Amino acid sequence: LAKTTQPISMDSYEGQEVNITCSHNNIATNDYITWYQQFPSQGPRFIIQGYKTKVTNEVASLFIPADRKSSTLSLPRVSLSDTAVYYCLSSRGGSARQLTFGSGTQLTVLP
Amino acid sequence: EAGVTQFPSHSVIEKGQTVTLRCDPISGHDNLYWYRRVMGKEIKFLLHFVKESKQDESGMPNNRFLAERTGGTYSTLKVQPAELEDSGVYFCASSQVRALPWGYYEQYFGPGTRLTVT
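Residue numbers (this note's numbering), protein chains in the order written: chain W, 1 to 111; chain B, 1 to 118.
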């Protein structure tokens, strides 16, 4: 699976849109990009997954350009409760294999 | 629907003692995973069950760790004897096929068990 690289931390203010970019230069054809969110004292929670172009759900949007070497998680109008660690992972499509976590991005939303 | 549960939430033991962690996956989930995060490190995979069979145990650090999943329901992870470097948070996750075109297996995580070895 491709190694992913993302910023260690980001700060934002309530009501702003937050974009977290992840680099995955060696992503394989069969790999999907998956994002998990983790609050303190909880396990990671699935947010969104995509292969290319744009995916949107009730929580976030995921933008993956045509070359798939990077992706951007977009959180619209964040609130204090969005303060968490966000992990970008590559996942093999159709596979139940284990997840490989990196360091993640600590997002802190300020009032 | 109940989520993944783990017991205990926190365990403090002395070096050399034995500890058993329990994980109850979401009902009907055949895949069960154990992960852990030791202090200052990233979350690392330990092993993967499919029903009662060990599919992949490549992440188990050594033979002091023993995982079981009798009957394909709940799972236990025993550490015997515990060492200081075993301190950390142990997560369990479960998954079943999600109804997406590519059959993605979304993993649902429990809250973790914080293990402290003194």
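Quick caveat, the hints were computed from the structure, so don't treat them as lab data. There's no promise every hint is true.
To be verified - Result set (DMTMM-like, lysine to aspartate or glutamate): computed pairs, CA atoms no more than 25 Å apart in a straight line:
(1) W/Lys3 / B/Asp56
(2) W/Lys69 / B/Asp56
(3) W/Lys54 / W/Asp82
Keep in mind it's a predicted model, so treat the numbers as computed, not measured.
inquiry  = Run through the hints listed earlier and report the numbers of any the structure violates, in increasing order.
reply    = 2
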